[in-house]
Amino acid sequence: MRENTADMHPPRALWVPFMLGRPFGVPGDAAFQRRVLLAVLQLLEADAGPVLADYPEDAPQPSEEEAAGVACVVSFGRAPREDDLGALLAHEIEELATWHDLAVRRRGRTTTGASGMAIPQAARVVASYLEGKPAPNLDGMSAGETLKVVCDDLRAYYVEAAAAKPGNPDAQAILHWFWHDTAAGRAFLELRKLCIASNDRSLQVFGGNTLVPRAVMHALGLR
Amino acid sequence: MVRLADLPEFEREHLLAKTRGLTGFEGRPWKKPPPLAQCRIAIVTTAGLHRRGDRPFGPSATATDYRVIPGDTPASELVMSHQSVNFDRSGFQEDHNVVFPLDRLRELAREKVVGSVADYHYAFMGAAPIKQLAPKARELAGLLKQDRVDAVLLTPV
Numbered sequence: 001m002r003e004n005t006a007d008m009h010p011p012r013a014l015w016v017p018f019m020l021g022r023p024f025g026v027p028g029d030a031a032f033q034r035r036v037l038l039a040v041l042q043l044l045e046a047d048a049g050p051v052l053a054d055y056p057e058d059a060p061q062p063s064e065e066e067a068a069g070v071a072c073v074v075s076f077g078r079a080p081r082e083d084d085l086g087a088l089l090a091h092e093i094e095e096l097a098t099w100h101d102l103a104v105r106r107r108g109r110t111t112t113g114a115s116g117m118a119i120p121q122a123a124r125v126v127a128s129y130l131e132g133k134p135a136p137n138l139d140g141m142s143a144g145e146t147l148k149v150v151c152d153d154l155r156a157y158y159v160e161a162a163a164a165k166p167g168n169p170d171a172q173a174i175l176h177w178f179w180h181d182t183a184a185g186r187a188f189l190e191l192r193k194l195c196i197a198s199n200d201r202s203l204q205v206f207g208g209n210t211l212v213p214r215a216v217m218h219a220l221g222l223r
Numbered sequence: 224m225v226r227l228a229d230l231p232e233f234e235r236e237h238l239l240a241k242t243r244g245l246t247g248f249e250g251r252p253w254k255k256p257p258p259l260a261q262c263r264i265a266i267v268t269t270a271g272l273h274r275r276g277d278r279p280f281g282p283s284a285t286a287t288d289y290r291v292i293p294g295d296t297p298a299s300e301l302v303m304s305h306q307s308v309n310f311d312r313s314g315f316q317e318d319h320n321v322v323f324p325l326d327r328l329r330e331l332a333r334e335k336v337v338g339s340v341a342d343y344h345y346a347f348m349g350a351a352p353i354k355q356l357a358p359k360a361r362e363l364a365g366l367l368k369q370d371r372v373d374a375v376l377l378t379p380v
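Those sequence lines, one after another, are chains A and B.
With the first letter of the first sequence counted as 1, position 208 gets the number 208 in the working numbering; the numbers rise by one all the way through.
With the first letter of the second sequence counted as 1, position 62 gets the number 285 in the working numbering; the numbers rise by one all the way through.
None of these hints come from the bench; they were simulated from the model.
This one's a predicted model, so the numbers in the text were calculated from it and none came from an experiment.
It is possible that part of the hints are untrue.
[As the list claims (entries may be wrong)] Here are the in silico distance ranges between beta carbons for each label pair:
#1 B/Glu249 x A/Gly108: 41 to 49 angstroms
#2 A/Ala67 x B/Glu236: 23 to 31 angstroms
#3 B/Arg243 x A/Thr98: 44 to 52 angstroms
[Claimed, not checked] Listed next, the stretches of chain A that the computed footprint assigns to chain B, with coverage defined by at least 3 CB atoms under 8 angstroms from CB atoms of chain B:
#4 28-35
#5 150-164
#6 190-201
#7 210-223
[To be verified] One side of the interface only, derived from the structure: several residues of chain B facing chain A at Cβ under 10 angstroms:
#8 Arg235
#9 Leu245
#10 Gln316
A virtual CB, placed ideally from N, CA and C, is assigned to each residue, including glycine.
Next comes chain A alone, as it looks inside the complex (with noise of 0.2 angstroms):
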């Protein structure tokens, strides 16, 4: 934030309008980047600071199609019982399978992995928690850690496959659906209680920390 910087003072920073996590703008977009970082190289050329400038053009707005949301478009038939959330997970990642194949195929990666395990082993990981019998760590981890790049490639997986839906789903409509109407986010938030009540701090600090987002917390009345 402006704040932030101004607090610090560094020589030189371009203060940019856009939400937390693109300071380029745009994914997609490279006109918009090219603009972005041409505007923050030609600070450079000042003669004397600190400088603190503003970047005069925000991020278009999604259209009313894009914030309208993913879930109508995701069917999750002949799923597993309403209270083994660590089959729904499984089956919901099979049911997303398709989507997340289309979009590697579009963009040709995608950003899962940082855990070193397939998907549905990181789901399988969460499910043996929920059924109160943790898999081993991931090697020189603690079980915070471990979990904390398991979710993370979860949730990539899921963020992924959805903005490949039609309708190109906008980032707080995904985040949506995913804390909402899926059973990842059911089972996110049911590892979020074990771990806050567990005698480990590492999943303590995982639980109350850095699963679930601050403001999902508060939508759901969670803090």
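Add chain B to chain A, keeping to what the hints say.
Frame of chain A; chain B shown alone:
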């Protein structure tokens, strides 16, 4: 960066508290680099990026280290293990340049708008305690000098 007014109050407070009363930033360092068309530029991001297979970033309190991203790393090898879940990742998932604009920088180098692009780029995990990053930042400055870097593009999330 983002517009303060666009955020809910709890988010505003959380972010403002990160630098409120922060000491140690009283200095005003200033160095004029060569003209842009001669500048060699590296990217240092706090987005928690690294190559697939690199060790993921650990918990915020201890993640003061950095990861090296060689300039020839394909986008398909970039992953993110930032500890925070409170910023958008879907942009990065769609196009790494929205966080780590290496392709845009290379284009500017080809067009001779900037001098050249460094051989190595670096990533920190920005949820680490700000002042505890100083020793590694100093270490990195030495490495950037060895790579003949004139200017660094810092990209936060």
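Each hint, compared with the structure:
1. B/Glu249 x A/Gly108: 41 to 49 angstroms: holds, 47 angstroms
2. A/Ala67 x B/Glu236: 23 to 31 angstroms: Once the Cβ atoms are compared, 26 angstroms apart, the range 23 to 31 angstroms for B/Glu236 and A/Ala67 holds.
3. B/Arg243 x A/Thr98: 44 to 52 angstroms: Check passed, 48 angstroms falls within 44 to 52 angstroms.
4. 28-35: Answer holds; 4 residues pass the 8 angstroms Cβ test.
5. 150-164: holds (count 6)
6. 190-201: With 0 residues close enough to chain B, the hint is violated.
7. 210-223: holds (count 8)
8. Arg235: Interface hint status for B/Arg235: holds (8 angstroms vs cutoff 10 angstroms).
9. Leu245: holds, 6 angstroms
10. Gln316: Interface hint status for B/Gln316: holds (5 angstroms vs cutoff 10 angstroms).
The structure does not agree with numbered hint 6 stated previously, though it agrees with all others.
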